[in-house]
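Colleague: The chain contents come next:
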Amino acid sequence: MNITEKIIARASNRNSVSPGDVVFANVDKLMIHDVSGPGVIKVFEEWSKKGIQLDKVWNADKIWIAEDHFVPSADRISAENISSLTKWAEKFGIKKHFKFGLGQYGICHTLSHEEALVLPGEFYVGGDSHTNTTGALGALAVGLGHTDIAYAMMHGRIWLKVPETILFKIIGKKPPHIMAKDIILKIISDIGTDGANYKTMEFAGNVVSQMSMEERLTLTNMTTEAGAKNGIIEPDAVTDEYIQQRTADSYKPILGDDPHYLEEYTYEIEKLEPLVAKPYSPQNGAAARELQTVEINKAYIGSCTGAKLEDLRQAAQILKGKKVKVRTEVLPAAQSIYIKAMKEGLIDIFMEAGAVVGPPTCGACCGAHMGILAKDDICISTTNRNFPGRMGHVESQTYLASPLVVAASAIKGKITDPRDVSN
Amino acid sequence: MKGTVHKYSRDNIDTDVILPGPYLKIHDHAELSKHAMEGIDIDFSNKVGKGDFILAGSNFGCGSSREHAPIALSHCGIGAVLAPSFARIFYRNCVDGGYLLPLEIEKSTLEQISDKDTLEIDLQNNQIHDMTNRKKFSIATFPPLIKKIIDAGGLMYYKE
Ligand code: SF4
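Chain order of the listed sequences is P and S. Residues 23 to 445 in our numbering are what the first sequence lists, from first letter to last. Residues 1173 to 1332 in our numbering are what the second sequence lists, from first letter to last.
Some hints here could point you the wrong way.
For the chain S half of the interface with chain P, some residues (derived, Cβ under 10 Å), not all of them [claimed, not checked]:
| hint | residue |
| --- | --- |
| 1 | Thr-1187 |
| 2 | Asp-1188 |
| 3 | Lys-1197 |
| 4 | Ile-1198 |
| 5 | Glu-1210 |
| 6 | Asn-1231 |
| 7 | Cys-1234 |
| 8 | His-1240 |
| 9 | Ile-1243 |
| 10 | Arg-1260 |
| 11 | Pro-1315 |
| 12 | Leu-1317 |
| 13 | Ile-1318 |
| 14 | Glu-1332 |
Per label pair, the in silico range of CB-to-CB distance [stated by the list, open to error]:
| hint | chain 1 | residue 1 | chain 2 | residue 2 | range |
| --- | --- | --- | --- | --- | --- |
| 15 | P | Gly-115 | S | Ser-1280 | 46 to 56 Å |
| 16 | S | Glu-1332 | P | Asn-81 | 12 to 22 Å |
| 17 | P | Lys-293 | S | Ser-1280 | 37 to 47 Å |
| 18 | P | Asp-97 | S | Ser-1286 | 36 to 46 Å |
| 19 | P | Gly-115 | S | Ala-1202 | 25 to 35 Å |
If you're looking for bench data, these hints aren't it; they were derived computationally from the structure. By construction, the Cβ of each residue, glycine as well, lies at the ideal position given by its N, Cα and C atoms.
All chains, please: the whole structure from these sequences, using the hints.
Modeller: So, in structure tokens, the structure goes:
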């Protein structure tokens, strides 16, 4: 079995499982945020009208809550949603509630790793499609809708179909201007936005082994864009070190054992060019240099995909001592990352370059608030989706790229390969 | 099930199109339904009748996990979406929430059914009857667990 199958077998108390099996599996961790949380509360309200009452959640210590999409409260409705989360968490004794403006908080998928809320070998479900992100820790991390999350909250179990797995081996010598974002954009351009539908995307190879945890998280984050059920990387020394810096909790890593894969792809990345995904799909990858005539009027460095500490470091390396030519927004993905960036002097670099640095929030990534795009806006962004209307007006355009490409483009006012800006 | 079909043949109709992000903070079903399919057809909610269908290209519902998407469609009156394939979370949400049926069709069926045709769907025999052009098409059978959840009326009513 490969790692995903082994985790499902453990969670469903079976000796083995095979792709296609449908099982009910026990959940180890569960997350809701300020969009899915109120949705889940609504599901419970509807059920209670039909006589199904929630008296207590399956395990309050294994549930955690993030406030990320509409914080700071964008308007009255989002303020009500956020206050409903607090009441609800108190009612059911959920203590891990990361509140905006109260110490550590941030984007749900960032907290999952930054706070080591999920550990290797665990089965983790979240009320958000990019829950896949956390698979970089060697966990089975799956995104679900409100009803499924409500069910799991009540019973501590959920049904799963054991997915087929595609293995992506990333090998060769990684050029310094290439980031995990370029690699995953390349993969999605090749396999398409439904290329891994219902399947697992597992990553391996020397490039992945040498990657930092934060870079690995970019790979798994965007497996959602290929339709994958989950993305996963086997835990190793990098994983152990990352987790040990964040928690004293012990865990039992699960590794593949005589693994079987539906397909295997090998990517040799020595000659990979910095990529950009054109509107309106993450699968529209093209070399940044081919697009250097495209003028932009906004650059966005944010989200669970592209505002981790390493993303900010890379962007700062380009922006240091330069001025941005277009509106540029930087939103660190969590309070702890913001603090680290500040101590390293990155925030000074961004502000001196003329960018605005905002609070950790999903903000404009999902077109919620804080800098959404107008009809004619053309934005280059470190986020993960560029569907019509994703960041604002349906006719606005978003180009997806790595923090290096976004920072380089912000300086030039048009799409720019990071190799084409002088240091 | 009998109703009018609303056809949007493009592939990858995503959840930002079905129910745009700014409305995610809304949890009132009636209010959500006013914005259904706003990203592709601003008039959608006005032209849909109870029991109508959506016919669409492959990978319908890709993108986010928002259950707002099937809720908005079902509250508008949509009883089933017919497409060659669905994104996984959207599919689960439709079934587990008991909102509407995701029906998988052949790619060729997509071309042969026209916008505004009247369809009758026979779930017993896994068939679509296009009453307008008098053609019949097959739909994929549901896997056993999915069928049981649908018959129960949603995951909450399903007994393991
Ligand atoms: S930052 Fe964007 S992709 Fe990540 S959870 Fe928020 S809205 Fe979703």
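Colleague: Verify the interface restraint on S/Lys-1197: the C-beta must sit less than 10 Å from at least one C-beta of chain P.
Modeller: 5 Å, holds
Colleague: Mind checking the hinted window 37 to 47 Å against the Cβ distance between P/Lys-293 and S/Ser-1280?
Modeller: 40 Å, holds
Colleague: Between P/Gly-115 and S/Ala-1202, is the Cβ distance one that fits in 25 to 35 Å?
Modeller: Roughly 33 Å apart at Cβ, these two residues keep to the hinted range, so it holds.
Colleague: Identify whether the interface hint at S/Glu-1332 stands, where standing means a beta carbon of chain P within less than 10 Å of its own.
Modeller: 6 Å, holds
Colleague: Let's test the interface hint: is any C-beta of chain P closer than 10 Å to that of S/Ile-1198?
Modeller: Hint holds; S/Ile-1198 Cβ to chain P Cβ min 7 Å, cut 10 Å.
Colleague: Closer than 10 Å between Cβ atoms is the bar; does S/Ile-1318 clear it against chain P? Give me holds or violated.
Modeller: 9 Å, holds
Colleague: Is the hinted range of 12 to 22 Å satisfied by the C-beta distance from S/Glu-1332 to P/Asn-81?
Modeller: 18 Å, holds
Colleague: Return the status of the interface hint for S/Cys-1234: holds when the least beta-carbon distance to chain P is below 10 Å, violated otherwise.
Modeller: 6 Å, holds
Colleague: Starting from the hint 46 to 56 Å, judge whether the C-beta atoms of P/Gly-115 and S/Ser-1280 obey it.
Modeller: Because 54 Å falls inside the window, the suggested range holds.
Colleague: Hint check: is the beta carbon of S/Asn-1231 less than 10 Å from a beta carbon of chain P?
Modeller: Where the cut-off is 10 Å and the nearest Cβ of chain P is about 4 Å from S/Asn-1231, the hint holds.
Colleague: Hold the hint about S/Arg-1260 up to the distance rule: shortest CB distance to chain P must be less than 10 Å.
Modeller: The hint holds - S/Arg-1260 has a Cβ within 10 Å of chain P, the shortest such distance being about 5 Å.
Colleague: Interface hint check: S/Ile-1243, Cβ to nearest Cβ on chain P, cutoff 10 Å. Holds or violated?
Modeller: 9 Å, holds
Figure legend: structure checked against the earlier numbered hints; every hint is met.
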